[in-house]
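The listed protein sequences correspond, in order, to chains A and B.
Whatever position you read off the first sequence (first residue = 1), add 957 for the working numbering.
Whatever position you read off the second sequence (first residue = 1), add 261 for the working numbering.
Keep in mind that the hints were calculated from the coordinates and are not lab data.
Positions of the beta carbon are idealized from the N, C-alpha and C atoms, including for glycine.
Accuracy of the hints is not assured; some may be wrong.
Stated by the list, open to error - Distance condition first, Cα-Cα at most 25 Å in a straight line; then the derived DSS-like pairs of lysine-lysine:
hint: 1; chain 1: A; residue 1: K1253; chain 2: B; residue 2: K649
hint: 2; chain 1: A; residue 1: K1241; chain 2: B; residue 2: K605
hint: 3; chain 1: B; residue 1: K651; chain 2: A; residue 2: K1241
hint: 4; chain 1: B; residue 1: K386; chain 2: B; residue 2: K267
hint: 5; chain 1: B; residue 1: K605; chain 2: B; residue 2: K548
hint: 6; chain 1: B; residue 1: K369; chain 2: B; residue 2: K386
hint: 7; chain 1: B; residue 1: K294; chain 2: B; residue 2: K460
hint: 8; chain 1: A; residue 1: K1241; chain 2: B; residue 2: K369
hint: 9; chain 1: B; residue 1: K721; chain 2: B; residue 2: K651
hint: 10; chain 1: B; residue 1: K649; chain 2: B; residue 2: K605
hint: 11; chain 1: A; residue 1: K1241; chain 2: B; residue 2: K609
hint: 12; chain 1: B; residue 1: K272; chain 2: B; residue 2: K345
hint: 13; chain 1: A; residue 1: K1253; chain 2: B; residue 2: K294
hint: 14; chain 1: B; residue 1: K345; chain 2: B; residue 2: K267
hint: 15; chain 1: B; residue 1: K609; chain 2: B; residue 2: K696
hint: 16; chain 1: A; residue 1: K1253; chain 2: B; residue 2: K651
hint: 17; chain 1: B; residue 1: K351; chain 2: B; residue 2: K369
hint: 18; chain 1: B; residue 1: K605; chain 2: A; residue 2: K1253
hint: 19; chain 1: A; residue 1: K1253; chain 2: B; residue 2: K351
Claimed, not checked - Selected chain A positions facing chain B (in silico; Cβ < 10 Å):
hint: 20; residue: L981
hint: 21; residue: Q983
hint: 22; residue: S1060
hint: 23; residue: T1064
hint: 24; residue: Y1249
hint: 25; residue: K1253
hint: 26; residue: E1254
hint: 27; residue: P1257
hint: 28; residue: T1260
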Amino acid sequence: MSPIVSVLVALIAIAVVAWLFRFLGQASTSNAPFFRDMPYASAFGYILGGAALMGGLWLYLQDGAVFFRWAVQGFAAFAVAGWLFRIFGRVVGTQGSRKLFRSMPLTASFGILTILVYAFAAVFAGVIAPYGQDEIIQGVAANIVPGGDPAIGGNPDFPLGTDQLGRDLLSRLIYGAQNTVGIAFATTCLAFFIGCTFGFLSAVLQGWFDQIFSRAVDVLMAIPSLIFALLLMTIASVWAPQLGIPLTAFMVVIIAVIDSTRVYRLARAVGYNIVVMDYIEAAKLRGEGLGYLIFKEILPNATAPLLAEFGLRFCFVFLTIASLSFLGVGIQPPLADWGTMVRDLAQFVNFAAFAPQVAAAPLLAAGAIALLTVAVNFVVDWMLHRSSGLKS
Amino acid sequence: MSTLLKIRGLKIEGRSDETWNPIINGVDLDLAKGEVLGLIGESGAGKSTMGLAAMGYTRDGCRISEGSVEFDGIDLVNASADVKRDLLGKRIAYVAQSAAASFNPAHKIIDQHTEAPTQHNVMSKGESADDAMDLYERLRLPNPQEIGFRYPHQVSGGQLQRAMTAMAMSCRPDLIIFDEPTTALDVTTQIEVLAAIRKIVEDFDTAAIYITHDLAVVAQMADRIKVLLRGDEVETAETREMLANPQEDYTKSLWAVRSFQRPQKPAINTSATPVVSVRNVTAAYGKIDVLHDVSFDIHAGRTVAVVGESGSGKSTAARCITGLLPPRIGHIEFDGQTLPLSYKQRNKDQLRQAQMIYQMADTALNPRVSIGETIGRPVQFYMGLTGKDKRKRVNDLLEQIELEPTEYFNRLPSELSGGQKQRIGIARALAAEPKFIICDEVTSALDQLVAEGILRLLAKLQDELNLSYMFITHDLATVKSIADEVVVMKDGKVVEQGSKDQMFQPPHHPYTDLLLSSVPEMDPDWLTNLLDQRGVDNIGDAAVKKM
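If we strip away everything but chain A, and leave its shape as in the complex, we get (with noise of 0.2 Å):
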């Protein structure tokens, strides 16, 4: 049988399948809601679902899915970890943050265990590592396959293995969430200072003010922001030691400027929205100023749509920086910095195929950054829902 063929009496088999399920449902239970205003295609979403199901069940156990099996065990270990850190949370703490991990769904606990996680390892990343992050450490071999099995090229000592120069990359995994993921922040926040300043201040005044601020910010997103940023960043590697200061302050400020028009346009729109309510009007009326205008009565109504924003715009923040790194005008070696460090280790990814262990080097850093940025878009999702009241 064809793949084609074995594929459409799969389909045919549930549909089937699904029908029979929904038309039992519906005799055995008469009138209860559910199965009477179940639609057909809910009931074959349900059989498609448990196929899959079995079907995962099936690939777990062959042998060669290896990679499949971890990503199992981790979604699974993750998913404990999530449940385990909402029950701490309904019993420990405050009554508002108990009654805060009450309604909240396994996703956003997750996502902030992740964030503390991050957090923790970021701050005191001097002391829970066991190695500094440039240090290549005296007697050991390099490129030492994580996972610890002599067998195969481990190495106990050295769980996660070691890098082409022979340093631990525990060490630099923990260091580089005190580079990337600070310097991200950083950025992130700068870029919300500016980019909400200035959309505010537009909605507000608008007229010329806000013609010139948005034909100028215009101008800058017409132009892809990866070029534009490594165009910058080539320029200030120049500068940089000329004038003395850090490259990485460069970065920070071109990252900053370069998304801040994407929150200028956001705050903008939101703050417009804000400006035609009556109770702006009533405060203009009452004579109130600039700056209570803005500060009381509009950011509190847009904290919601900017929460949302700063989390995916520290995502995009955090990949940017990766991704400049990758390409070699980011953060500057020895730090270490999970873009560099996928970039230095990517060759081994050839070995997936028949070493799965020796390709899992390169992969650390880059799950650390995937990680994150489903982490953050977890809590993300979660306040949205919330701030919104979507009750579906």
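Place chain B on chain A using the hints.
Below, chain B without anything else, positioned relative to chain A:
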């Protein structure tokens, strides 16, 4: 008469905060062929939910938990999607409150009209289009041959509502559900739509459920009335009997709402300086004048009602007084002093003296600021009170608007009902200790019982504090209950002004007369008599155009 629709013990639940809460708690409903049933109640009574349930439909997040809905022998609760698809649009049709939001703006009206008949294989597209023109003519739409080829935004609100009624009629259904079809319309437009709906329902002997909160409207339309309160039925009776002899206390209280009326105050001392004087104001949005040479005075302790339909310029006049829209010609005097035209040039005291209360309390209060702070801000800003003094003043104000200070001080606007929000709006205006308050349609978004409470409060405060009100409204019943003087506006001009007694006594200006005669009364024969008296062509917008 045979029963068309039979609802028994209907219970509907809605999901919120992770639990199912009852919306309808077991209501029965019977509807015979060709009968019109009026469903009335305040907001939250479950009228619309009932109306939709009659089609076997519930909104997202709601479900029918118990009971049966039987349409012509078909069980709609357990019907499959195919069965419902065959019924809806063809045998059961729905007319929504806002026609403007219900038409698809991207398609011509006639294309939307012919969709249902062709889908249900009732008529071909051509037949249906011809039929549409026939229906438009019956509904007295202007240019019936041509109007269908316009897009929804090219047609006025009242015409669109009639086009939607025609669309509901397109398959000649047995049952139409009208969900507040005239609530968003001006009185002169409303009367045309009412006459059209009634005629077409009679012509085709269609059964209808007419949902509204306006008793006078339902009196014209319905054979029978059912009163709902928070998901329970209060009572059901024939229209005449229900109007003449309501049984339940709640129904009686609904009927009694329109009884609040203030006595006419003595004539004004014309030599006294008015608090606010609008002098020959002409104002424009861009290059188009929307106010033409408007003048009127508001004296101390008086309420001047500014009446007119949407687009008549009554809110624009308020914007000129507050300085949000500086007049092009003319000026505003306050206590005999000429005010700077723009609010930006006025000093703090000038701003303090004139306050405003808004129509939509939802948008007038900052949703992120607590009640105490909302009222406290003007106290601090104008009077310079802080700490304990501020708190005490806010408590006094809350007591003045009849809300318990300790309970409401820390609440957010979302934790209040509509009427309470409107009271907070009043308190915020009072906090500035003004002489003059503009009330912009303050009761039009509220249920009648709640609105009456607001009117009584405003009247009480006026007596206590000798306030002057400019009361903008389109509702003549409100004018009757609260105004001392009335200014009638049309197309940016003052048509007529005088004391309330003068205004409600003939002779009137023809436009005032038309406005007055278009307000539905609680008499079931009112619309019939009016049509007999004036003829179909001399009511509503058609009559306005002739002026």
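The hints, checked one at a time:
1. Taking the CA atoms of A/K1253 and B/K649, the gap is about 22 Å. The hint holds against a cut of 25 Å.
2. A threshold of 25 Å between alpha carbons decides the hint, and for A/K1241 with B/K605 the separation of about 9 Å falls inside it, so the pair holds.
3. Of the pairs offered as hints, the one joining B/K651 and A/K1241 holds, with about 21 Å between alpha carbons and a cut-off of 25 Å not exceeded.
4. Proposed proximity of B/K386 and B/K267 is contradicted: the alpha carbons are some 33 Å apart, above 25 Å.
5. For the proposed pair B/K605 and B/K548, the alpha carbon gap of about 22 Å is at most 25 Å, so the pair holds.
6. Taking the CA atoms of B/K369 and B/K386, the gap is near 14 Å; set against the 25 Å cutoff, the hint holds.
7. Annotation: proposed proximity of B/K294 to B/K460 holds, straight-line Cα distance about 16 Å (limit 25 Å).
8. The suggested pairing of A/K1241 with B/K369 is violated, with an alpha-carbon distance near 42 Å, which exceeds 25 Å.
9. Simply put, B/K721 and B/K651 have alpha-carbon atoms about 24 Å apart, close enough for the 25 Å limit, and the pair holds.
10. Between the alpha carbons of B/K649 and B/K605 the distance comes to roughly 31 Å, so the proposed pair goes past 25 Å and is violated.
11. Taking the CA atoms of A/K1241 and B/K609, the gap is near 11 Å; set against the 25 Å cutoff, the hint holds.
12. For the suggested pair B/K272 and B/K345, the alpha carbons sit about 20 Å apart, so the restraint of at most 25 Å is met.
13. Under the criterion of a C-alpha separation no larger than 25 Å, the hint pairing A/K1253 with B/K294 is inconsistent with the structure, at around 59 Å.
14. As the CA atoms of B/K345 and B/K267 are separated by approximately 16 Å, the hinted pair is consistent with the 25 Å bound.
15. Among the hinted pairs, B/K609 with B/K696 is consistent with the structure: their alpha-carbon atoms are about 14 Å apart, no more than 25 Å.
16. For a cut-off of 25 Å, the pair hint linking A/K1253 to B/K651 stands: about 18 Å separates their Cα positions.
17. This hinted pair checks out: B/K351 and B/K369 have alpha carbons roughly 21 Å apart, not beyond 25 Å.
18. The hinted pair formed by B/K605 and A/K1253 meets the criterion: a straight-line CA distance of about 20 Å does not exceed 25 Å.
19. For the suggested pair A/K1253 and B/K351, the alpha carbons sit about 53 Å apart, so the restraint of at most 25 Å is broken.
20. Against a cut-off of 10 Å between C-beta atoms, the interface hint on A/L981 is violated, since the closest Cβ of chain B lies about 16 Å away.
21. Interface restraint check for A/Q983: the shortest CB-CB distance to chain B comes to about 9 Å, inside 10 Å, so the restraint holds.
22. Taken as an interface hint, A/S1060 checks out: its beta carbon lies about 8 Å from the nearest beta carbon of chain B, inside 10 Å.
23. Checking A/T1064 against chain B: minimum C-beta separation of about 17 Å lies over 10 Å; hint violated.
24. Contact between A/Y1249 and chain B, as hinted, is supported at the beta carbon level, the nearest pair being about 9 Å apart and thus within 10 Å.
25. Hint status for A/K1253 relative to chain B: holds, with the closest Cβ pair at about 8 Å, below 10 Å.
26. A least Cβ separation of about 6 Å between A/E1254 and chain B falls short of the 10 Å threshold, and the interface hint therefore holds.
27. Among the interface hints, the one on A/P1257 holds; its C-beta lies about 4 Å from the nearest C-beta in chain B, closer than the 10 Å criterion.
28. Nearest Cβ of chain B to the Cβ of A/T1260: about 8 Å, under the 10 Å cut. The hint holds.
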